[in-house]
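Asks: Please construct the entire structure, taking both the sequences and the accompanying hints into account.
Chains as they are written, first to last, in UniProt numbering: chain A, 1 to 235; chain B, 1 to 286.
There could be a bad hint or two in this list.
Pairs of lysine to aspartate or glutamate residues, derived as DMTMM-like cross-links and limited to a Cα-Cα distance of at most 20 Å, are as follows [what the hints assert, rightly or not]: (1) A/Lys230 to A/Asp209; (2) B/Lys174 to A/Glu98; (3) A/Lys173 to A/Asp124; (4) B/Lys238 to A/Asp92; (5) A/Lys66 to A/Glu155; (6) A/Lys105 to B/Glu175; (7) A/Lys106 to A/Glu116; (8) B/Lys159 to A/Asp92; (9) A/Lys29 to A/Glu67; (10) A/Lys173 to A/Glu183; (11) A/Lys173 to A/Glu86; (12) B/Lys159 to A/Glu98; (13) B/Lys174 to A/Asp87; (14) B/Lys174 to A/Glu86; (15) A/Lys182 to A/Glu116; (16) A/Lys72 to B/Glu175; (17) A/Lys101 to B/Glu175; (18) B/Lys238 to B/Glu279; (19) B/Lys159 to A/Glu107; (20) A/Lys130 to A/Asp92; (21) B/Lys174 to A/Asp92; (22) B/Lys117 to B/Glu216; (23) A/Lys106 to A/Glu155; (24) B/Lys283 to A/Asp92.
Computed footprint of chain B on chain A, listed as stretches where at least three residues anywhere in the stretch have a Cβ under 8 Å from a Cβ of chain B [said to hold, decoys possible]: (25) 76-88; (26) 102-111.
Which chain A residues stay away from chain B? Per the calculated CB distances, all over 10 Å, these [to be verified]: (27) Asn3; (28) Phe128; (29) Gln179; (30) Arg203.
For the record, the hints were derived by calculation from the structure and aren't laboratory data.
The beta carbon of each residue, even a glycine, is placed where N, CA and C say it ideally should be.
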Amino acid sequence: MSNLLELQQVEAYIQQYHILHDISFEVPKGEVTVLLGRNGAGKTTTLRTIMGLNQASGGSIIYNDKEIGQLKTHSIAQNGIGYVPEDQGIFDNLTVGENLKVAMKKEDEETTTRMEWVLGLFPDLQKFWKKPGGQLSGGQKQMLAIARAYVNENELLLIDEPSKGLAPIIVEKVMESIQQMKEQTTILLVEQNFLMASKIGDRFYIIDDGQTIHNGQMDELKNDKALMKKYLGIA
Amino acid sequence: MDLIVSLAINGLATGMLIFLLAAGLTLIFGLMDVLNFAHGGLFVWGAFSGVWVYNLTGNFMLGIAAAIVTGLILGAITEFLIIRPVYGNHIQQILITLGLMLVLGELIKVVFGPEQKSAVPPAFLDGSFMLGDIILIKYRLFIIAVGIFIFALTTFILKRTRIGLIVRAGVMNKEMVQSLGINIQFVFMAVFMVGAAMAALSGMLMAPYSGVIYAEMGLEFAILAFIVVVIGGMGSFKGSLFAAILVGLTQAFMAYYVPALSLAVNMLLMTAVLIFRPEGLFKVKG
Chain A
1 MSNLLELQQV EAYIQQYHIL HDISFEVPKG EVTVLLGRNG AGKTTTLRTI
51 MGLNQASGGS IIYNDKEIGQ LKTHSIAQNG IGYVPEDQGI FDNLTVGENL
101 KVAMKKEDEE TTTRMEWVLG LFPDLQKFWK KPGGQLSGGQ KQMLAIARAY
151 VNENELLLID EPSKGLAPII VEKVMESIQQ MKEQTTILLV EQNFLMASKI
201 GDRFYIIDDG QTIHNGQMDE LKNDKALMKK YLGIA
Chain B
1 MDLIVSLAIN GLATGMLIFL LAAGLTLIFG LMDVLNFAHG GLFVWGAFSG
51 VWVYNLTGNF MLGIAAAIVT GLILGAITEF LIIRPVYGNH IQQILITLGL
101 MLVLGELIKV VFGPEQKSAV PPAFLDGSFM LGDIILIKYR LFIIAVGIFI
151 FALTTFILKR TRIGLIVRAG VMNKEMVQSL GINIQFVFMA VFMVGAAMAA
201 LSGMLMAPYS GVIYAEMGLE FAILAFIVVV IGGMGSFKGS LFAAILVGLT
251 QAFMAYYVPA LSLAVNMLLM TAVLIFRPEG LFKVKG
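Replies: Rendered as structure tokens:
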């Protein structure tokens with residue numbers, strides 16, 4: 001299977017702090033690749049660096065056989081990468097409908113179909129169409145953030161900790177939606193909730209102290225208790 | 001009663017002129033987080049270039065068009081050369097735009113000469129008419145109408161168009177707007193140009209209102225515009241309209257009843273807002 005995204009020895013700083021030392025991984029087309037690791041390991045910075053929100057200071061980021069490491073954020077997004085940040089990035093004063101409309105790159109039949117599909121997946125968004133984004137619950141905000149990234153024909157979705165701060169029942173719902181999206185798009189997922197990650201992930205990479213230190217198929221990790229305990233703190 | 005109506009119209013006209021200046025300032029701050037102290041310089045350039053074309057051609061509308069074009073061009077140059085290198089640094093923004101304000105004021109003297117210029121309303125807006133016992137001055141009503149029109153147009157664009165949606169989203173979360181594939185740099189420049197054009201339009205409309213224009217008037221009006229932005233809430237377009245009308249009316253009534261306090265009262269108003277509601281009367285949610 002060909003790779004949609006490939007990171008090779010990526011390094012990045014935040015101000016004077018060297019956060020990413022050596023990040024290398026591949027995201028095959030049509031799969032869910034999960035980045036795992038403890039808090040502060042560099043997972044979010046990795047996604048932000050792919051999006052150009054942090055500038056990579058070394059290495060290369062290849063998307064669809066094209067180097068995107070030096071591109072600006074909007075160009076990276078225009079190339080077909082959707083991003084769901086850790087804080088969801090909802091525009092609080094815009095309504096649910098406006099949050100979705102501002103994301104729509106086109107208003108063609110394909111986008112309309114995707115919008116209808118995603119509203120079917122998250123009926124709450126239809127129900128609260130005219131409600132300001134800031135007044136939604138945490139789960140609804142997460143659904144809106146995912147819907148906003150999905151509404152365009154993005155080939156790759158970067159999703160950062162979609163289960164963070166959500167009630168278990170909402171986590172289930174979000175997980176189901178990502179599972180359905182998986183059939184139509186490639187996903188790079190950052191997730192601390194191992195149970196969720198293991199259910200939807202095809203392969204994993206463990207990041208520790210800004211480096212990718214281990215990778216494999218998700219099924220292998222589920223059976224490797226020692227590795228899980230060592231790097232993820234799961235007994 | 002007719003005195004009160006006359007003062008109110010006076011205040012509204014002054015308020016609308018301040019609003020046009022403050023609206024650009026607040027949009028630029030709200031979206032770009034830029035403190036533009038050169039805004040008064042754009043105002044005065046609009047006045048001089050517009051009056052120059054108006055006096056040359058005798059066509060007032062051409063003068064307005066010239067002022068707007070001047071604002072757009074100066075706005076583009078200022079954003080590209082002066083503002084872009086200092087995004088995210090308020091101290092540098094204040095120093096460099098204050099410097100630009102002085103340069104723009106001095107350049108006015110170089111280009112148009114150091115003396116004051118006079119301007120009169122065009123024939124179709126000159127004079128007054130009676131409504132009952134009240135004398136209504138046409139040019140003041142024209143300024144109020146233009147202010148309302150610009151407010152309505154800008155509100156329509158902000159609320160009903162995609163570009164307006166992007167600007168409002170950009171005020172709240174610039175990173176997310178970029179992550180959706182939108183070139184925020186381009187939006188920044190467009191907003192800066194529109195803000196500069198509003199300032200220039202305000203300057204041009206001010207000229208026949210006050211009768212004379214001079215290079216230093218930019219700073220005087222910029223101070224009023226900053227007071228309005230602080231009172232209305234930094235980044236709030238609606239707040240700017242409300243505060244500009246409040247400042248205009250207060251100034252008009254105080255100038256008549258207690259002339260010595262006409263400017264001080266606005267300072268006091270701003271001080272009260274800063275003490276009791278530091279985020280301004282219309283808070284912008286980030």
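Asks: Hint by hint, say whether it matches the structure.
Replies: Hints versus structure:
1. A/Lys230 to A/Asp209: holds, 14 Å
2. B/Lys174 to A/Glu98: holds, 16 Å
3. A/Lys173 to A/Asp124: With a Cα-Cα distance of about 12 Å, the restraint between A/Lys173 and A/Asp124 holds, given a limit of 20 Å.
4. B/Lys238 to A/Asp92: holds, 18 Å
5. A/Lys66 to A/Glu155: Distance ~14 Å between A/Lys66 and A/Glu155 Cα, so the pair holds.
6. A/Lys105 to B/Glu175: Holds: A/Lys105 and B/Glu175 sit about 17 Å apart, inside 20 Å.
7. A/Lys106 to A/Glu116: holds, 14 Å
8. B/Lys159 to A/Asp92: Answer holds: B/Lys159 to A/Asp92 is near 15 Å, not above 20 Å.
9. A/Lys29 to A/Glu67: holds, 17 Å
10. A/Lys173 to A/Glu183: Distance ~16 Å between A/Lys173 and A/Glu183 Cα, so the pair holds.
11. A/Lys173 to A/Glu86: With a Cα-Cα distance of about 17 Å, the restraint between A/Lys173 and A/Glu86 holds, given a limit of 20 Å.
12. B/Lys159 to A/Glu98: holds, 10 Å
13. B/Lys174 to A/Asp87: Roughly 14 Å between the alpha carbons, so the hint for B/Lys174 and A/Asp87 holds.
14. B/Lys174 to A/Glu86: Holds, at roughly 15 Å.
15. A/Lys182 to A/Glu116: holds, 17 Å
16. A/Lys72 to B/Glu175: holds, 11 Å
17. A/Lys101 to B/Glu175: Holds, because 17 Å separates the two Cα atoms, which is no more than 20 Å.
18. B/Lys238 to B/Glu279: Judged against 20 Å, a Cα distance of about 14 Å means the pair holds.
19. B/Lys159 to A/Glu107: holds, 18 Å
20. A/Lys130 to A/Asp92: holds, 12 Å
21. B/Lys174 to A/Asp92: Satisfied, since the Cα-Cα distance of roughly 13 Å is no more than 20 Å.
22. B/Lys117 to B/Glu216: holds, 12 Å
23. A/Lys106 to A/Glu155: holds, 15 Å
24. B/Lys283 to A/Asp92: This hinted pair holds, its Cα atoms lying about 13 Å apart.
25. 76-88: Result for this restraint: holds, n = 4.
26. 102-111: holds (count 3)
27. Asn3: At about 22 Å from chain B, A/Asn3 clears the 10 Å cut-off, so the statement holds.
28. Phe128: The assertion about A/Phe128 holds, with a minimum of 18 Å to chain B.
29. Gln179: Correct as stated: the minimum Cβ-Cβ distance to chain B is 23 Å, above 10 Å.
30. Arg203: Check passes; 25 Å lies beyond 10 Å.
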